[in-house]
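Q: Letter by letter, the chains look like this.
2 protein chains.
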Amino acid sequence: MLSSFQLWPFIDKFAFFNTMTAKEFERISKALGDPHRLKILQEIKKNKCMACACIREMIDLAQPSVSHHLKQLIDAGLVIPEKEGREMRYSIDDKVFTDYINYLSAFSQ
Amino acid sequence: MLSSFQLWPFIDKFAFFNTMTAKEFERISKALGDPHRLKILQEIKKNKCMACACIREMIDLAQPSVSHHLKQLIDAGLVIPEKEGREMRYSIDDKVFTDYINYLSAFSQ
DNA sequence: AAAACATATCGAAATATTTCAATGTATTAA
DNA sequence: TTAATACATTGAAATATTTCGATATGTTTT
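Residue numbers (numbering that gives the first Met the number 0), protein chains in the order written: chain A, 0 to 108; chain B, 0 to 108.
By construction, these hints were calculated from the structure, which means they are not laboratory data.
Please read all numbers here as calculations on a predicted model, not as lab measurements.
Quick reminder that beta carbons are idealized off the backbone N, C-alpha and C, glycines included.
Check before you lean on any hint, since a few could be wrong.
Claimed, not checked - Here's a subset of chain A near chain B, in silico, CB distances under 7 Å, partners left out:
1. 21
2. 25
3. 32
4. 37
5. 44
6. 90
7. 91
8. 96
9. 103
10. 106
I would like the entire structure built from these sequences, with the hints used as guidance.
A: Now the structure itself:
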């Protein structure tokens, strides 16, 4: 059976099945490549919690550092920020993870 | 329906389904977070080619730089090096990509 | 054995990232 | 309206990564 790529060989295997560009992929990979940010992501996944107040308790970093890491996760699209009074709430953007996985899956087949 | 995590809540969701540690995940993410290394991976995926000779033609970098990037991909486990005469052949380790995707999938569900 | 070739390693300069004290901004409480 | 709270931004030092010329190592060719 022919795959799409054999039928349309001019289509880039690494950009066809989702809208992610190589630049976006790179930014997400960078965001994932830090132990503090991975911890933050896992905490946000466990329970959508307010940021610095809650996250600082689990990570040994100053407030501006936590803020800096959160910004990178947000800029990569992995985390969605939401203002709630004078606090912030952060949540995981499942779709961006799915797109990232789709991009990756071109390598493991 | 109960998930495994509800049945065994003491098991870490991010380390159960594969053997990858957070440190390994971090190293792979870092390796993926560079445009040159992504290009190299895509080229290796397309056709298992000899390294510097073939890869240098597609990337505007000096030979030691290509070697340096390849080393990071190898250290991350994404690429398998193989000596063939005086050349090297590099190939993708599908399994490591699959493990990485498994680790990631805990975030997108 | 000497020359040529393919790639790795070293070391240093250029560049990028991480970190935090100080300060700014917006929101709620007094 | 002044205090306090929650978080973002700035700017600078510490640290890590990228890059490449020079050189080393191992393999094939002559």
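Q: Now look at each hint and say whether the structure bears it out.
A: Results of checking the hints against the structure:
1. Of the supplied interface hints, the one on residue 21 (chain A) holds, with its beta-carbon coming within about 6 Å of a beta-carbon of chain B, less than 7 Å.
2. Among the interface hints, the one on residue 25 (chain A) holds; its C-beta lies about 6 Å from the nearest C-beta in chain B, closer than the 7 Å criterion.
3. The restraint placing residue 32 (chain A) at the interface with chain B holds, with a minimum CB-CB distance near 4 Å, inside the 7 Å limit.
4. Annotation: residue 37 (chain A) was flagged as interfacial toward chain B, and the flag holds, the nearest CB pair being 6 Å apart, inside 7 Å.
5. At about 6 Å, the closest approach between the beta carbon of residue 44 (chain A) and any beta carbon in chain B falls short of 7 Å, and the interface hint on this residue holds.
6. For residue 90 (chain A), the interface hint is violated, the least distance from its beta-carbon to any beta-carbon of chain B being 11 Å, above 7 Å.
7. Among the interface hints, the one on residue 91 (chain A) holds; its C-beta lies about 6 Å from the nearest C-beta in chain B, closer than the 7 Å criterion.
8. Proximity of residue 96 (chain A) to chain B holds as hinted, the smallest CB-CB distance being about 4 Å (cut-off 7 Å).
9. At about 6 Å, the closest approach between the beta carbon of residue 103 (chain A) and any beta carbon in chain B falls short of 7 Å, and the interface hint on this residue holds.
10. Checking residue 106 (chain A) against chain B: minimum C-beta separation of about 5 Å stays under 7 Å; hint holds.
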